[in-house]
Each structure stands twice: as C-alpha cells, then as structure tokens.
Amino acid sequence: MRKIGINQRKIAFFTGGIMLNDDIEKVLITEAEIKYKVHELGEIISSDYEGKDLVLVSVLRGGVVFVADLMRSISIPLTIDFMAISSYGPSTETSGVVKVLKDLEENIYNRHVVVVEDIIDTGLTLGYLLRNLESRKPASINICVLLNKPARRIVDLPIKYKGFDVPDLFVVGYGLDYQQNYRHLPYVGILKKEVYEI
Amino acid sequence: MEKTKSDNNERSKIIYKGIEFAHPSEEQCAKILDFYGIKWEYEPNTFPIEWDKDGNVTQSFSPDFYLPDLDLYIELTTMSQKLITKKNRKIRKLKELYPNIKIKVFYQKDFKNLLRKYGLPKPY
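In order, the protein sequence lines correspond to chains A and B.
Residue numbers are given in this note's numbering: position 74 of the first sequence equals residue 74, and the series is strictly consecutive.
Residue numbers are given in this note's numbering: position 53 of the second sequence equals residue 1053, and the series is strictly consecutive.
This is chain B alone, in the form it adopts within the complex (with noise of 0.2 Å):
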C-alpha cells in the first residue's frame, strides 16, 4: 500500500494500486479481495438515477466496487445507521432503474463484522 500525505490540505490520499479511494475502509475492502483472488474495478460505471424535465441527469450513483468474475457491485456504507436514509433511496432507485443489477451493501455494522473477523482493526 502506498499513502501519501496531501500537499496542499492535511487530508490523507488513500491509495493503493496506484488508485485512490475515497475511503480506508474501501482500500481494505480492495486488499482483502485481492487476497481471495476475486477480480475487482473501483467505481467503474456511474448510473444515472434522476433527471430534470429536460433529461438531464440531477442524480447518478456509482457503486464503489465492480467485480467483473461475479458480475457483482458493492457498496461500502460507512455512515451510522442514522444517516444512511439517503443513501438507501438511490440504492433503491438504482435497483428500480437498473433491475439487472446486482448489488451487495455493505453497510457500517456489515463492514465491521468483516473487519472483526479478519482481526483487524476499524480503519475510520
């Protein structure tokens, strides 16, 4: 793993791979996977979800993670229970828009519990 300190701002690059994620937990959820040899793309496609009257696009998401072997996505939700409302709206609309899709959401207490299983530590 390569990290780098920013610069310009007291924020921390996260990067691996020569990728930077916008998250540490989403650059463990990258190493983990390289360890199982499952295949993965960061944010690779974004999907728009909402649009103006006018067609264009007001609302779009991009899944975090694309594992092409499994024809998977995966989002890692962070946030606390409390606040993640929103983001299950456009997981919702996502899986409205895009039925083929398939995504697996990892949320904070998921994500923990993987953690914990691999003995490591919280990386937020």
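Extracted from the complex, chain A is given alone in its bound form (with noise of 0.2 Å):
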C-alpha cells in the first residue's frame, strides 16, 4: 500500500480538498456525502428512540468509524457496546465455527437495540449476529447500516436505517478495509484492482 505523505495531509486539510490515497480508483461517497447522511439517519433515530433505552451494538473492527460519528449525531441519551466475531478465512479450521471474540459489556435485556455496521455484504455475519443477540431479548433489535450491497445477499434481513446502496465493487474507506488498510480514510472508495488482484 503506499502511503499517503504528511505534505499531501496538510494540503488536502488545508485547501479542504479530498486527500485521494494512491490506491484509490475512484472515490465513490464523499465526506461531505457521507457526513450529511450520518446526520440525517441520527435525526431519525432519535426521534424514533425518544424516552427509550437505547444501545447502539456496533461490530468491530469495520464499525467504529460509523458508530463514532452517528452516536454525536444522535441527541437522545444512548449506550454504546462492541463485539467481534471471527470471520471465515483461510486458516479457519474444517467444520469451524463463528466464535464471538469480544462479546458485550452490557447487558441487551428489555433494552432497544440497534446494531450499526458498516457494510452489509452477504449478510451472513450480520445474520449470525442477530441470532446471537435476539437470543438475549432485547425489546427490539434493529439494523443500521452504512453501505448496503445487495448483489451477493444470501441471508435477507431488514435493515431499518440504510446510508448508501453500493454496487459489487470493491470499496474501502470510512471503516471498511482491504488486509487491514485504508480504514482511515475519510470517504468510500473504490480500490484499484493492482492493490487486490495478484
């Protein structure tokens, strides 16, 4: 990955201009885009969770960039949790099994619950997750999520508060990651096909 340089930092923060990483195709939300939709879905959930107990489950690592903008956006009273769970990848083991890494602090019982991700794919971890927490009965339990991209959905879940739909192309950015990088940047991507493709 190459990095982005301290000069290139300041003139994009200085001119207020977008600070593209060189492996980057294309930006396809900007901040500014992004900023406004976060506003807007936290209007909306405090006003749907007025004079409720409301904790907002986010899924590390992916989430804590949405999750850390959208709570300021909320302006009722709210909890915050995080949980990890493992992914499948290549060293998962024969018949293996989703393990919850980090699981909440909290305790969701009668609580309102909406879980905040970053981006739902096939939906299958997110499908995971809901088994697991509605297994603790929460009062409700509900989906926001920034980045929805439906073309590879197997598990269909509803998802209440929606930021952007994203067509099947590979994005970074804003949380989301390719091999750990780019989380940092502060808009969503398209991540050029040399980085990924071998």
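These aren't lab readings, by the way, just hints derived from the structure by calculation.
The model shown is predicted, which means the values in this text are computed figures rather than measured ones.
Not one of these hints is a red herring.
In silico lysine-lysine, DSS-like type, Cα no more than 27 Å apart, as pairs:
#1 K1039(B) to K99(A)
#2 K1031(B) to K149(A)
#3 K1117(B) to K192(A)
#4 K193(A) to K1112(B)
#5 K1104(B) to K162(A)
#6 K149(A) to K1087(B)
#7 K1112(B) to K1086(B)
#8 K1104(B) to K1087(B)
#9 K1109(B) to K162(A)
#10 K1102(B) to K162(A)
A few chain B residues that face chain A, going by a derived Cβ cut-off under 7 Å, partial list only:
#11 I1032
#12 F1035
#13 Y1036
#14 G1037
#15 D1110
#16 Y1118
#17 G1119
#18 L1120
Positions of the beta carbon are idealized from the N, C-alpha and C atoms, including for glycine.
Using the hints, put the two standalone chains together into the complex.
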C-alpha cells in the first residue's frame, strides 16, 4: 500500500480538498455525503427512540468509524457497546464455526438495540449476530448500516436505517478495509484492481 | 474436510461431510455456510424444465444448494461469463416454470469476490 505523505495530508486539510490515496481508483461516496447521511440517520434514530433505553451495538472493527460519527448525531441518551466475531478465512479449521471474540459488556435484556455496521454484503455475519443478540431478549432490535451491497446477499435482513446502496465493487475507507488497511480514509472509495489482483 | 484420490482415475474426489461435490467451489461454499450456521442441502431437488411431445423430461435443473431456513436455492457458476448463456437460459426457464422458487446465482466474478473478501485463494 502506498502511503499518503504528511505534506499531502496538510495540503488536503488546508485546501479542503479530497485526500486521495494512491490506491483508490475513484471516490464513490465523499466525506461530505457521508456526513450529511450520518446526520440524517442520527436525527431519525433520535426521533424513533425518544424515551427509550437505546443501546448501539457496533461490530468491530469496520463499524467503529461509523458508530463514532453516528452516536454524535443522535440527540437522545444512549449507550454504546462493541462485539467482535471471527470471520471465515484461510486459517478456519474444518467444521469451524463463528466465535465471539469480544462479547458485549452491557446487558441488553429488555433494551432497544440498534446494530451499527459499516456494510452488509452476504448478510451471513449480520445474520449470525442478530440470532445471537435476539437470544438475549432485547425489547427490540434493528439494523443500521452505512453501505448496503445487495448483489451477493444470501441472508435477507430487514435494514431499518440505511446509508447508501453500493454496487458490487471493492470498496474501502470509512472503516472498511482491505487487509486491515484504508479504514482511516474519510470517504468510501473503490480500490484499484492492481492492489488486490495478483 | 476429507479428500481422497480416486483409485481408478486421476480426478480427485471432493468430499466434505460425506458428500461428494462436483467442484471445489461448492465445497468452499458449504464450509462458509457451515461457519455462519446456515443449514444447507446439496442438490436436494431436480426441477424438470423441458419435456418432449410425449411428456418425457428432456431437460432438468438441479440447483447446487438449498438453504431450508431461508427457503433459498443457490447456484454457483464458475464458468467464464462467455460460457454461461446456456445456464442462464436454464435458470430463466426455472424461474418461469417455478415462480415461487427463490434462487440466487453466484457467477464466477461474484464467487471470486466473495473468496477475496475472506482472503481465500480461488479453489479452481
């Protein structure tokens, strides 16, 4: 991965320009568009959960950036918590199953839960997570997702709060990674093919 | 995963959970579904899609997976985009004849992207 130099960062900051990473083909959703949408979602959630005991559950690590901005756009009292679950990968053993790597510290029984995710793709991870959380008998559970990529959906999930629909492209930034890189980018960009195609 | 070499020819059998898969991508798909706790059945149903004038079935289609909890069929197509016209025609017919069936087709590109998401190499 090519890194952005300090001077480039300074130029981008002072000029208000887009700090385009060399590995990004194109910016799909700008920082301004994300800010506007997150603010909009925050207002809707504030209104929907007025007077309710709201818990935002974010999924590590991709959901961190989104939940950090979203919670500051919500005007009602809330609690946040995090979960981390293992994902399928080359080191997954035969007959391996999802493992909860970090569980909630909050008890969500009889509370109103909104699961905050960066992206929903196949729906397999979120489907598992919902089943897991539902077993703890919250008062309600809804999904808030910044990016919805429906092209490869296997598990259909009811998305109550949605940022943007995105095509089946390799997107990174604003929490989304490729090999743990690019999460810090303030926009959602399409990764250049030469970065991931060997 | 159990993998055994066929005794009488060079073709490797792809066996997982006692089921012989036609293609490594199917085995990979089964493992991903297992990982996320999604129940699956491998080619459980065959749907007739063409008959001759005497009513005999001349063409049928067996989607690769059925996910009973989601009531969804999954078909993996690992052929290149140019060669899938025939299969697309079959799927179109299936949808016309059995409109209540939910089927999701994963083309080579989709599956490749899915494997990339999990950091896995192509199984073909």
